[in-house]
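Can you make the complete structure from the sequences, with help from the hints?
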Amino acid sequence: MAIGSLTFVVFALLSVLVLDGVRPGVARDLAVAAANLMFLASFVATPIEAVPLLSFVALGYFAVCAASRQGGQKAVGLIVVAVVASFIWIKQYTIVAALPRLQFAYATIGLSYVLFRVIHLIVDVGQGAMRRPRPLEYLNYTLFFLTLVSGPIQSFQDFHEMQRNPRPLASADLDAAIRRIVRGFVLLLVLAPLLSAAATDWQVRLYSGLSGERWPHASVAFAAAAAIYAGYLFVNFSGYMDIVIGVARLIGHALPENFNRPGSSANLLDLWSRWHMTLSEWFKIYLFNPLTTSLARRWGATVSMATLGALAYFTTFCTMGVWHGSTPIFLLYGVMLGAGVAGNRLWQMAAQRRLGRSGYRALCQRSWYQDLSRASALAYFSVALSCLWIDPAKSENLLRPAGVASLVAALALLTFVLMALCGAERVALPMLERHRSRVAGLLPRFESPVWTAGFVFTATVAVAFAVGQSGTSGGIVYQGY
Amino acid sequence: MIDPGIVRGRLNQVFREVFDEDDLQIFDAMSAADLEEWDSLSHITLVLAVEKEFRVRLNAAEVGKLDNVGQMIDLLARRATA
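Residue numbers (this note's numbering), protein chains in the order written: chain X, 1 to 481; chain E, 482 to 563.
Just so you know, these hints were derived from the structure itself, not from any lab.
A few of these clues could be false.
Stated by the list, open to error - Heads up, simulated DSSO-like pairs for lysine-lysine below, C-alpha to C-alpha not over 30 angstroms straight-line:
1) K546/E with K284/X
2) K533/E with K74/X
3) K74/X with K546/E
4) K74/X with K394/X
5) K533/E with K284/X
6) K546/E with K533/E
Written as structure tokens, this is what we have:
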């Protein structure tokens with residue numbers, strides 16, 4: 001059941017109606033469990049296809065119980081390693097290709113996100129930061145139908161609080177939730193397919209340029225394909241987020257946000273506090289913080305915190321990259337993310353040493369530096385994301401010196417174009433702000449329920465038309481990770 | 482439980498040392514947004530200094546959720562030994 005499908009709309013509507021009439025407590029837990037199982041069942045043709053995923057969920061619960069009994073840093077660490085090893089085997093990462101594998105097709109939908117939730121529980125229960133969840137609470141948390149596919153990653157405590165005390169739905173909330181859902185469908189079903197088609201078109205031009213050794217052509221195509229794909233990924237994922245956050249609000253849940261205007265990031269480090277925020281937060285709590293703390297305790301007296309920090313940033317982002325996929329190209333993605341973020345941090349440290357704290361602050365206030373920093377972060381991230389779409393078989397020429405040069409040229413071109421756009425935005429925004437009230441007066445206002453219903457109806461017709469035109473099924477890119 | 486006022490005074494001194502600002506004054510709602518140098522890395526330096534000053538060992542969830550000074554004072558008042 002794709003999140004952007006009509007089936008999901010009907011399923012979500014029924015779930016909202018049922019859950020609205022159920023009081024918090026065991027009845028609500030059972031109703032959510034039924035919805036979760038129905039949603040999960042939609043991804044498998046036969047029950048056996050769900051066995052590996054459900055076995056992993058069961059293993060997770062035993063691991064949480066074991067952490068609850070054993071406690072202690074070493075025991076918790078070993079339990080986490082065992083669970084991650086099981087995950088790697090079920091996901092069939094390349095490094096375990098030599099091991100025996102299951103001889104039937106099976107679903108791994110949401111497995112990565114289940115892993116994040118299970119590790120959160122193992123660590124927090126093992127360290128005594130929270131109680132062990134009861135089996136039904138655990139099942140509902142790990143398999144919650146609105147967050148199973150691609151998050152967001154919510155803490156157990158927040159999920160449990162929403163189950164026990166669902167937020168009342170005022171008419172303004174209802175209005176906001178419906179608008180959010182409609183916006184999500186428009187992004188997912190209308191804009192995302194258009195961007196996807198454009199990105200694919202530029203990718204074809206890139207492969208053509210590479211095979212014909214037309215390097216300038218390849219550089220321009222690479223820059224365009226990388227930028228458009230990054231835009232597509234954002235629209236696809238944030239459209240999904242709009243839908244699940246909106247539906248969750250209708251059943252009394254407040255899911256955490258995953259994006260906060262990533263396009264306005266000041267630098268690469270800042271970008272990760274604005275893009276896929278719940279994933280970044282999870283990695284910060286369960287990998288970066290413990291790793292940096294442990295490195296500082298062991299080597300803090302002899303090695304500078306800047307060096308240890310750069311190492312921790314590199315390890316964290318490398319792991320985050322590898323999480324995206326089981327083949328070597330994702331290792332390259334991780335190395336690019338890790339190197340970029342560690343480099344960003346080292347640059348900040350070096351600039352502060354060289355210019356002094358006040359000098360560095362003054363530099364950060366300069367508009368050209370802000371634009372350069374923002375544009376280079378977005379360009380670098382877009383190029384790193386190319387690991388998610390590039391076809392290695394068609395890109396062998398990129399490994400030649402001329403190919404590497406064309407890649408660097410693509411990065412420089414993209415940075416230049418984005419910097420020009422940042423400058424244009426700097427000029428245009430104050431002008432728009434000055435004419436804001438006049439422009440707002442020209443737009444229709446949807447403050448009453450009637451207007452909202454009309455807006456929803458019109459948007460739904462438009463979406464249905466677009467779906468019919470493009471034939472898209474509303475798939476989510478992150479569903480594959 | 483230690484008096485939160487005493488915790489505040491000792492914590493203010495830790496902040497001044499970690500962020501190298503002699504006239505830094507903490508307040509309950511103070512978060513990373515209020516202090517430019519308070520990023521993920523300096524957060525760990527801060528946590529280590531806090532652990533040393535208050536002789537506590539904070540777990541992953543606590544370290545991750547110490548978003549502002551008020552939360553730190555509450556936690557330390559509960560956990561710290563005089």
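Verification of the hints:
no., hint, result
1, K546/E with K284/X, "11 angstroms, holds"
2, K533/E with K74/X, "22 angstroms, holds"
3, K74/X with K546/E, "23 angstroms, holds"
4, K74/X with K394/X, "46 angstroms, violated"
5, K533/E with K284/X, "22 angstroms, holds"
6, K546/E with K533/E, "19 angstroms, holds"
When held up to the earlier numbered hints, the structure conflicts with hint 4 and nothing else.
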